[in-house]
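S.K.: Okay, here's what each chain looks like letter by letter:
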Amino acid sequence: MNIAKPNSYRSGPDERGHFGIFGGRFVAETLMPLILDLEKAYTEAKADPAFQAEMNGYLKNYVGRPSPLYFAERLTEHLGGAKIYLKREELNHTGSHKVNNVLGQIMLARRMGKKRIIAETGAGQHGVATATLCARFGLDCVVYMGAVDVERQQPNVIRMEMLGAKVVPVQSGTRTLKDAMNEALRDWVTNVHDTFYCIGTVAGPHPYPMLVRDFQSIIGNETKVQMQEVEGRLPDSLVACIGGGSNAMGLFHPFLDDSTVEIFGVEAAGHGLTQLHAASIAGGRPGVLHGNRTYLLMDADGQIQDAHSISAGLDYPGIGPEHSWLHEIGRVNYLSATDDEALAAFQLLSKLEGIIPALEPAHAIAKVMELAPKRPRDHLMVVNLSGRGDKDVPQVGDILRGKSK
Amino acid sequence: MTTRIDTRFAELKKQGRAAFVTYVMAGDPDPATSLEIVKALSKSGSDVIELGIPFTDPMADGPSIQAAGLRALKVGMTLKKTLDLVRGFRKDDNVTPLVLMGYYNPIYIYGVDKFLADAKTAGVDGLIIVDLPPEEDDELCIPALKAGLNFIRLATPTTDDKRLPAVLANTSGFVYYVSIAGITGAAAADANAVGEAVARIKRHTKLPICVGFGIRTPEAARAIAEKADGSVVGTALVDALKNSLDSEGRATAKTVNAVAELTAALAQGVKGAQQAAE
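Residue numbers (our numbering), protein chains in the order written: chain A, 1 to 405; chain B, 1 to 278.
Derived by calculation from the structure, the hints in this document are not laboratory data.
Ideal Cβ placement from N, Cα and C applies to all residues, glycine included.
Some hints could be false.
Derived DEER-like restraints, expressed as beta-carbon distance ranges [unchecked claim]:
1) Arg250(B) to Asn7(A): 54 to 62 Å
2) Arg87(B) to Asp299(A): 33 to 41 Å
3) Lys13(B) to Asn191(A): 36 to 44 Å
4) Asn191(A) to Gln274(B): 33 to 41 Å
Derived DSS-like pairs: lysine-lysine, alpha-carbon spacing no greater than 27 Å straight-line [stated by the list, open to error]:
5) Lys206(B) to Lys120(B)
6) Lys46(A) to Lys162(B)
7) Lys114(A) to Lys120(B)
8) Lys40(A) to Lys120(B)
Bound-form chain A, shown alone:
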């Protein structure tokens, strides 16, 4: 596709929520007034210095920001190329980047007078972050989670329940993240008056992809300042994993107009791109689901296909619309890593750096293992370590023991 390069890669979306042909507001009429209200509330909040000041207070003292930018010395030596920095989002309260966005949305929900919060979750990290902030602000919390994911992410289910949230296992469809999102939308359409839908990624109808991106952009903004402090310049490349793509968008967005910065998104290739996988850009095409037009895995009739990834957080047949646009205009390179590659990276980072990553960013590490050795030693590469691996310890332990037997 031949698309003219824009003056800025950071000006989207337009007033109708479009990034090129992607994005939009493909929702039932019942929800349309609600997303218009949300857009209005967000526009007002953004212009209110008190909103930002209050959020900054919680980001610092409750979330624990800024997260460190850590030089991974042994990983760098091992790979023998680029100098690798890890953006330590896994050190945030609740263990992942998800809390950045949830804090913003919960503060919006409070501004809008909503008392009941619903969320969808895959790996459970967004669910845990939502349950946490609902506990902190005394709000009712219902989390929809595919029944398959409830099984493989038990530690997070227990955490959410301890925090006072109700976790609803979703039995419809493929019983994973996409079905959890369907069920959350069904809840929202039913409970329109008191409920705020806290979407966990840069997808869904406008304004969600924009507002989630904005709340996550603190990752890239901090990285820019921190890299300036330690190296006195911009990084040369950025790498992040992508399910819906919120941790990636948060890191990438502040750098999109810095043309010297190479940017790599890593999708989940599951068993491999010719088999079951979750790489929407590598294996999908544009379609409409969950309120937006974006790259989707589907069959010739437009039916959504099952995704597969070892990582519940990446197990989604779509991707945020802004990523689809960044792919089509060629600003970001989208790669993919298989389950096996992610498992190898999971073990490597654990043993070399004493950091157990979540399976999601293990996909990003897997591609760093390919990219870093091909780059010179003065090349600065930043990887978003978007979550910690505690939740994956039982699952990975089972897999590794099964393999070693």
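Based on these hints, arrange chain B on the given structure of chain A.
M.R.: Just chain B now, kept in the frame of chain A:
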């Protein structure tokens, strides 16, 4: 442009009664039985037929219609086969209005222009696409109107007076008022509240207003028909169909009749309604 929908509502207005609108899923439980069911709907008193386009992720539907879509997909139903079904129906019946109802993605993937041409040729009269609000009218609504198909919009309890003009602007055929905030098959709306909502919408449009969601019995269909220009029943028919299937989800000798009998009973309910004076 006059469609079968416009003609049918004009006739019903002369007769002084409300329309009985039915919904079933195309291809449920298999394409051949589904065609027989659609034929039976019109023969049993359905004035307008809504035919669901199966989709894997029906975000506004409850468990019954979700399951119906999955049954249809399991036997290989597609949008193309849905149009074949319409063509089959039109061999016997060239007057009963037929509306396709579903989600945008299968149409988008089929190709909007090709779909509209094929749908018109097959004998489709209108479209209800749940995830296309007026904000996305350029996608399908405007092209559909140009192609001579009605685009029937959903109005809901959250559609306030300020928003109604936008919702009604490119609507034609009829307006589908969703009586509750919720998914298909959920609790029924109170008939008096429906009456107020219909009156409110009538202040903005001359189009007929049909009301659906939560109507399951002849009595409920009748109560709504007294307040609106039509009662829509979907989930109850889909449930009757499902209850007639064997343990593998296949059609039995009872399947077509089960839907036909409930349709006839509901149609009696609607026909017994005393229409409110205009």
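S.K.: Could you tell me whether the CB distance from Lys13(B) to Asn191(A) stays inside 36 to 44 Å?
M.R.: Because 37 Å falls inside the window, the suggested range holds.
S.K.: Tell me if the straight-line CA distance from Lys206(B) to Lys120(B) falls inside 27 Å.
M.R.: Satisfied, since the Cα-Cα distance of roughly 25 Å is no more than 27 Å.
S.K.: Starting from the range 33 to 41 Å, see whether the pair Asn191(A) and Gln274(B) falls in it by beta-carbon distance.
M.R.: At roughly 35 Å between Cβ atoms, Gln274(B) and Asn191(A) fall inside 33 to 41 Å, so the hint holds.
S.K.: Using the Cβ atoms, figure out if Arg87(B) sits within 33 to 41 Å of Asp299(A).
M.R.: Since Arg87(B) and Asp299(A) have Cβ atoms about 23 Å apart, the given range 33 to 41 Å is violated.
S.K.: Is the straight-line distance between the alpha-carbon of Lys40(A) and that of Lys120(B) 27 Å or less?
M.R.: With a Cα-Cα distance of about 40 Å, the restraint between Lys40(A) and Lys120(B) is violated, given a limit of 27 Å.
S.K.: Tell me if the beta carbons of Arg250(B) and Asn7(A) are separated by a distance inside 54 to 62 Å.
M.R.: The hinted range 54 to 62 Å holds for Arg250(B) and Asn7(A), with Cβ atoms some 59 Å apart.
S.K.: Quickly compare the C-alpha distance for Lys114(A) and Lys120(B) to 27 Å and report which way the hint goes.
M.R.: violated (45 Å)
S.K.: Given the proposed pairing of Lys46(A) with Lys162(B), does the C-alpha separation stay at or below 27 Å?
M.R.: holds (25 Å)
Taken one by one, the earlier hints fail for this structure at numbers 2, 7, 8, listed in ascending order.
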